[in-house]
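K.L.:
The primary structure of each chain is shown beneath.
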Amino acid sequence: MQIPVIEPGCIPPDPVSPDSLKGIPRQQTNPARRSFENWKDFVGHLRSEGVFVREGKVESSIFVTDAGGLAFGLPHGVVRPNSAEDISKLLKAAQLHRVPVTVRGGGLTTEGESVAFGGILLDMSSLNKVLKIDAKAMTVRTQAGIFWHQLAEILRRDGMDYLSAPLNLTASVGGTLGVGGIDVNSSRLGCSSDQAVELEVVTPTGEIMRCSETENPELFERVLLGYGQFGVITEAVLKIRKFSPLTMQYYYYASLRTAIEDLQMLSKADAADYAGILTILDRAITLLVAFDSDERRKEFEQIWKHKLRGHGELGFGLLMARYYLLRPWKMEEALYIASRRFKLFPEFNRPEFMRDGKIIDRTVVFSRAVWKFWGGRQMVIPDLSAKAEKFVEAVERGNAVCRKYFKYYTLYCVGIKLKGNLPRYEMSCIPQDASDIAYGCEFEPMLRDTDYSRDYLQSFKNEIYDIGVDMGLSYYRFGGMMKGYIRRVFGDEMVDKHLAMKKAADPAMILNPDVIF
Amino acid sequence: MGNKKKKTKGYESCSGCGVCLLVCPLWRTTGAMTYTRKGRAKAMQGGVSHEEIAASIDACLMCGSCEPACPEGIGIVAMNLEQRRMLNQSRSSYPAWYPKNEATASPRNSKLPQTKTILMAGRNLDGDIKIVETIVDLLGGDKNIGIADDDGRDIAAAIEAGLPVPPDRIALCISLLRNAKNLIVSEGLLHRQLREWLPAKKVMGVGEALLNIPSIRRALRPDDIFIVESRGYHSDFERLVKFYDRLRKDTGCQMNLDLQRIAIPTGASSLRGLHNKKTAGCAEHAAWILKGRKFKRIVVEDLADMEVFQEITDVPVVHLSMAGFEK
Ligand SMILES: Cc1cc2nc3c(=O)[nH]c(=O)nc-3n(C[C@H](O)[C@H](O)[C@H](O)COP(=O)(O)OP(=O)(O)OC[C@H]3O[C@@H](n4cnc5c(N)ncnc54)[C@H](O)[C@@H]3O)c2cc1C
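Here the protein sequences line up with chains A and B, keeping their order.
Counting in my numbering, the first sequence runs from 1 upward without gaps.
Counting in my numbering, the second sequence runs from 1 upward without gaps.
I should point out that these hints are in silico values taken from the structure, not numbers from a laboratory.
Owing to the predicted nature of the structure, the values given are computational and were not obtained by experimental measurement.
Backbone N, C-alpha and C fix where the C-beta goes; we use that ideal spot for every residue, glycine too.
Some hints could be false.
[Unchecked claim] Straight-line Cα separation of at most 27 Å, DSSO-like style, residue types lysine-lysine; simulated pairs:
1) B:9 / A:343
2) A:372 / B:116
3) B:116 / B:249
4) B:296 / A:372
5) A:407 / B:9
6) B:296 / A:242
7) A:129 / A:305
8) A:497 / A:92
[What the hints assert, rightly or not] Pulled from the structure, derived: some chain A residues nowhere near chain B, Cβ distances all over 12 Å:
9) 66
10) 72
11) 268
12) 284
13) 369
14) 371
15) 422
16) 492
[As the list claims (entries may be wrong)] Quick list of simulated restraints, FRET-style, between CB atoms:
17) B:167 / A:72: 48 to 58 Å
18) A:131 / B:111: 18 to 28 Å
19) A:469 / B:52: 38 to 48 Å
20) A:329 / B:242: 57 to 67 Å
21) A:338 / B:128: 50 to 60 Å
22) A:450 / B:238: 23 to 33 Å
23) A:494 / B:278: 53 to 63 Å
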């Protein structure tokens with residue numbers, strides 16, 4: 001892309017590819033900071049109720065951006081609640097004084113959804129206690145600000161583990177239940193939101209309510225996958241399981257389509273406990289499969305292994321060597337792939353995390369690798385989620401966009417088992433036309449060592465998201481800076497229905513503004 | 001996470017992933033982001049001064065847990081110490097736990113040990129002559145191992161407090177180590193510095209030195225919980241995580257390592273802990289180490305940890321050097 005030279009006195013043309021921002025008003029990518037005349041009254045009101053608003057620069061600058069590092073905003077004050085009652089008081093006062101409240105768990109959004117553009121930032125990480133482990137019912141009751149890793153630490157002391165959670169250690173339970181939570185075992189166990197048995201929620205008007213599939217089910221369905229629009233999750237009862245180390249196997253592919261077809265075959269047949277695709281560009285495509293027990297592994301090896309079209313390490317190495325030897329002009333790419341392969345894969349086999357050939361603490365192993373190899377001060381991770389039949393095309397088209405924009409990137413694909421046709425899936429990352437298993441793909445460019453303009457990155461995301469509009473898909477990250485796509489992909493009727501529900505639940509529209517509506 | 005990378009990366013490289021929070025003892029006890037390394041880095045990226053985050057800079061226990069956890073490979077310990085130093089430059093009164101005497105260059109009447117191995121007992125072992133003698137015996141007697149009169153404890157304290165250490169004070173201290181090949185250093189905070197000052201020497205903690213003795217290794221059992229000294233461990237994490245993993249495999253003992261294999265500290269040998277265990281939260285940290293675990297004995301590498309565990313549990317607590325003498 002050529003950045004035009006700016007002649008003094010003239011405004012240059014926008015260097016963004018001309019068709020990539022169509023329909024997206026650019027000012028929506030980072031909302032303006034709100035200001036309030038009644039701020040002092042609001043703070044005083046809360047103080048009189050025993051809720052302390054921290055207003056210093058030190059407190060607020062910690063939350064200036066999210067994991068994406070592209071949206072920046074400062075809250076006027078930060079509240080660290082001690083209880084659901086504190087949050088109730090806060091939200092009641094916020095309704096009265098019309099002060100926006102942005103809820104923040106781990107802040108691992110990438111589109112600014114957990115960034116406060118003024119108002120209050122509600123830092124949920126202070127609510128991080130595990131309240132009860134019920135080994136009989138195999139559930140844990142926990143405060144929702146807890147990070148999954150903290151939860152894992154505590155569960156492990158009792159020989160237990162959670163079912164599925166994002167691969168990043170510092171996502172919170174509440175923040176995840178609100179957006180989905182996809183693990184490498186989600187094609188079998190579903191997303192994290194589907195592990196919730198019961199919630200305690202503070203509604204936008206400040207009522208503290210319990211909800212589950214049987215108690216206040218409408219609220220339950222709205223809050224799960226509800227992007228923080230319909231209440232603050234303060235407690236959750238989640239399903240748990242006995243901890244087990246896992247064995248992992250890798251199969252290597254040179255074709256995305258073949259790898260995806262094999263992933264789908266395994267997911268559909270429930271052939272492995274964990275299955276996902278991780279790529280280095282679109283050349284070295286790895287299908288990861290893993291097993292919680294030797295029985296499952298043996299079953300897989302007997303029935304499924306020979307059906308996979310992937311190669312072993314040596315065979316694939318030779319294949320790659322031949323490919324690149326015939327294309328010496330691509331040697332830089334070959335070297336990149338080789339060096340990345342030799343740095344990344346040993347991370348999955350570090351001796352301190354292995355016992356008897358099995359990975360223990362898979363969350364730590366995967367998450368540390370994720371941060372080490374994909375993390376950074378800026379991250380753009382646009383994604384597409386599709387029903388099985390559309391998935392290969394979606395990934396291939398997304399891959400072409402990655403190729404166009406970036407030299408180096410990664411694709412990460414997994415399945416997400418659906419729990420039926422639940423209302424919570426409406427206007428969520430689960431595509432409306434999916435049944436049984438939906439599939440998601442993240443497109444993550446390697447941004448390190450290169451400075452890209454925000455516009456360049458936004459254009460890239462838009463081109464990926466345009467595929468979603470074109471094919472009738474959905475996205476995991478459609479809020480914040482990407483919210484311009486919500487109406488385009490879900491349609492006015494659906495969005496208006498949700499907007500009406502939101503207005504009824506949150507009359508002053510103060511809870512998590514600028515995320516969806 | 002090579003050294004070269006560590007030196008070049010500072011708070012501005014912090015991506016805010018928060019993995020360091022998970023291992024931070026202050027985060028565990030306060031739940032306040034402002035008291036953590038991430039909190040300080042993000043605040044500084046936001047333009048705050050050292051004075052504005054003084055409480056956080058002072059609160060840090062310097063256990064070093066955050067450094068091996070950081071996926072960016074930021075040299076966090078050096079950065080924490082540097083921030084303390086910078087903060088001190090702009091203030092005149094210090095927290096109560098600061099060392100009363102700065103490290104001085106006044107030459108001491110120290111002998112030059114002639115042995116290939118030198119034990120630098122430091123504050124940690126100072127109070128217990130019996131243990132020092134036992135360690136020397138276990139490591140082959142005083143023909144094999146000399147005890148440094150000048151164990152650099154004032155240097156360690158000054159470094160931890162972010163106070164200046166005159167170069168000639170360091171020069172004196174290390175000149176007395178010149179005959180040695182191996183340095184056994186109980187003060188975990190000094191490991192990193194000694195490796196930098198004396199790159200040709202092998203620096204190890206008392207724990208590692210003792211654990212290389214087969215009889216000591218054999219004395220550890222599956223119903224022991226072994227408390228790794230955190231500062232030394234984190235200063236050489238890549239190597240020691242494997243060393244202690246082998247120990248676990250060989251003996252079956254449990255350890256104060258979390259799921260990321262970071263050593264959960266009690267904070268007892270930090271300056272703050274030495275000054276006041278309660279305000280340093282030592283009992284809370286120790287309670288978290290023990291929570292939900294089944295064990296019959298606690299074995300510590302760092303003597304300062306002994307008292308903390310004795311206060312919160314009835315099971316026997318022994319120093320590693322004594323582990324073989326216990327029933
Ligand atoms: C490096 C990296 C890796 C990732 N890997 C995965 C992955 O493997 N799988 C996956 O599913 N996702 C992944 N994500 C996305 C991220 O994990 C999810 O967005 C995450 O689960 C959000 O949790 P959080 O606590 O960080 O929420 P936040 O980012 O803090 O908040 C998310 C949204 O929920 C709202 N919110 C937060 N807490 C609450 C609450 N208690 N009640 C109501 N609303 C709330 C916020 O306002 C915001 O709108 C990754 C992100 C990064 C940066």
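K.L.:
When the structure is checked against the list of hints, which entries are broken? Sort them ascending.
P.N.:
2, 3, 4, 7, 9, 10, 13, 14, 17, 18 and 20
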